Amino acid sequence: LHATVPVGEVVGDTARVAALILEERLVIELVLDGHVHYFRKLVDRYQASVRGIIHRLVGSPTEAEDLAQQSFMSAFHALRDFQTGLRFSSWLYRIAINAAKDHLKSKKRGEQPLDDDASAEEAAFAGHIADPESVSVAAERHARLHEAIQHLPWKYREVLVLKDIEELSYDEIQSVLALPRTTLKIRVLRARDQLRSILAGLEGA
Amino acid sequence: MTRKALLELYRRRIDGELDLAGARELEAVLACDPRAAAELAELAELTRELPALPKPVHEDAFSEKIMRALPAEVPERRSVWAWLLRPRTLHVSPALALAALVVLGGGTAAILALTRHSAPAPRAAAPAATQTPAVPSENPSTVQIRFVLAAPGARSVELVGDFNDWKQGELELSSSGDGVWSLTMPLSPGRYAYQFVIDGAKWQPDPNAEATVADGFGGVNSLLRI
Numbered sequence: 001l002h003a004t005v006p007v008g009e010v011v012g013d014t015a016r017v018a019a020l021i022l023e024e025r026l027v028i029e030l031v032l033d034g035h036v037h038y039f040r041k042l043v044d045r046y047q048a049s050v051r052g053i054i055h056r057l058v059g060s061p062t063e064a065e066d067l068a069q070q071s072f073m074s075a076f077h078a079l080r081d082f083q084t085g086l087r088f089s090s091w092l093y094r095i096a097i098n099a100a101k102d103h104l105k106s107k108k109r110g111e112q113p114l115d116d117d118a119s120a121e122e123a124a125f126a127g128h129i130a131d132p133e134s135v136s137v138a139a140e141r142h143a144r145l146h147e148a149i150q151h152l153p154w155k156y157r158e159v160l161v162l163k164d165i166e167e168l169s170y171d172e173i174q175s176v177l178a179l180p181r182t183t184l185k186i187r188v189l190r191a192r193d194q195l196r197s198i199l200a201g202l203e204g205a
Numbered sequence: 001m002t003r004k005a006l007l008e009l010y011r012r013r014i015d016g017e018l019d020l021a022g023a024r025e026l027e028a029v030l031a032c033d034p035r036a037a038a039e040l041a042e043l044a045e046l047t048r049e050l051p052a053l054p055k056p057v058h059e060d061a062f063s064e065k066i067m068r069a070l071p072a073e074v075p076e077r078r079s080v081w082a083w084l085l086r087p088r089t090l091h092v093s094p095a096l097a098l099a100a101l102v103v104l105g106g107g108t109a110a111i112l113a114l115t116r117h118s119a120p121a122p123r124a125a126a127p128a129a130t131q132t133p134a135v136p137s138e139n140p141s142t143v144q145i146r147f148v149l150a151a152p153g154a155r156s157v158e159l160v161g162d163f164n165d166w167k168q169g170e171l172e173l174s175s176s177g178d179g180v181w182s183l184t185m186p187l188s189p190g191r192y193a194y195q196f197v198i199d200g201a202k203w204q205p206d207p208n209a210e211a212t213v214a215d216g217f218g219g220v221n222s223l224l225r226i
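Order-wise, the sequence lines are chains A and B. If you read the first sequence in my numbering, its first letter stands for residue 1, the second for the next number, and so on. If you read the second sequence in my numbering, its first letter stands for residue 1, the second for the next number, and so on.
Treat the hints as calculated values from the structure; they're not laboratory data. The structure displayed is predicted, hence computed values, not measured ones. Take the hints with a grain of salt, since some may be wrong.
Unchecked claim - Now the in silico label distances, taken between C-beta atoms and shown as ranges:
hint, chain 1, residue 1, chain 2, residue 2, range
1, B, A72, A, D81, 14 to 24 Å
2, B, T212, A, T84, 17 to 27 Å
3, B, E170, A, D81, 20 to 30 Å
Note that CB positions come from ideal geometry on N, CA and C, so glycine has one too.
Start from the sequences and build out the full structure, keeping to the hints where you can.
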């Protein structure tokens with residue numbers, strides 16, 4: 001693999017994205033050609049984002065880890081169907097979001113999810129065990145935000161996570177969700193407004 | 001101004017899309033409505049906080065786990081030829097399975113490959129003498145469904161679907177020794193998407209399912225309606 005992203009070099013965003021796309025196409029070609037170990041480059045590049053997106057969508061970090069693994073496995077198995085017109089990240093995020101959505105649907109069908117202690121979830125997610133006595137104000141606020149996101153209807157939750165947490169552009173979100181830009185913008189404004197109301201409700205409770 | 005129009009002005013301000021006319025319009029609203037100013041401030045604060053939520057860090061162990069689970073190569077695309085060569089599956093009531101075994105002289109992969117019946121078994125019709133005996137359901141609202149896959153050469157076959165949250169490692173099919181794998185389980189009436197997983201990695205939809213639904217990954221899930 002010879003194409004590399006010019007890390008540290010001052011390049012325009014378009015050039016950077018073009019280099020990324022080129023590199024990923026090469027990686028995918030190599031994987032399809034039997035050099036499966038190159039798939040790790042894609043896993044390494046996107047595992048944190050995929051795990052993060054799924055965590056915010058399903059609520060539980062443990063479930064998010066399983067679903068993230070499932071998403072990468074699904075992407076590998078479907079790699080021959082990858083459309084080169086898309087960025088790999090957009091395609092992968094679509095797979096991840098669908099996995100999260102299917103998971104929540106399945107959960108709804110059966111047992112309702114337990115109301116996990118959001119503070120504990122945050123602590124575990126950040127990779128350390130927090131002393132319940134010393135959970136900081138910031139951590140409590142994060143836990144409250146996380147909880148509020150779980151109360152958003154799915155169509156608002158997915159755009160909020162992509163736009164305001166992962167900070168994707170509307171172009172990228174359009175590629176991931178395959179929705180008209182106007183629809184996305186309406187959902188974003190509704191999502192923010194509903195999140196604000198939900199938070200107010202949680203904090204007033 | 002409608003609520004939606006006001007929210008759109010907030011959004012454009014927060015997303016940096018406000019033009020001069022929009023900015024003037026928003027300023028006019030904020031000047032005469034202190035609640036709007038407070039609301040916009042809250043929304044702006046929220047959108048500053050959200051990207052700062054804790055995010056996972058890169059973990060080598062995660063990548064390593066994925067890489068260990070990958071098969072030796074990316075599976076071929078589905079094609080008519082591949083479809084023809086794909087192992088066939090069968091959902092059949094234990095009573096019908098028993099009848100097929102009796103009439104055709106034994107349960108083999110060939111019989112299973114040629115026979116298709118997706119009718120669920122009424123609880124009362126479930127005998128306990130098939131190749132994989134059906135266990136009568138203790139719950140009268142469930143029916144026994146037998147999943148069968150002819151997969152010669154497989155080391156393991158399991159079933160995943162809506163009924164078990166798509167979790168691997170829970171519903172393993174048993175091999176009869178001649179490449180035919182089966183599992184009988186009680187299911188409540190409903191609509192279930194499912195797939196088989198061969199050797200822990202290869203996801204295999206059921207080509208003989210009564211229907212399929214898009215799996216969201218460019219493929220399909222098999223659909224069972226009871």
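**OP:** Quick one: which hint numbers does this structure break? Sort them smallest to largest.
**Re:** Going through the list in order, the structure violates no hint and respects every one.
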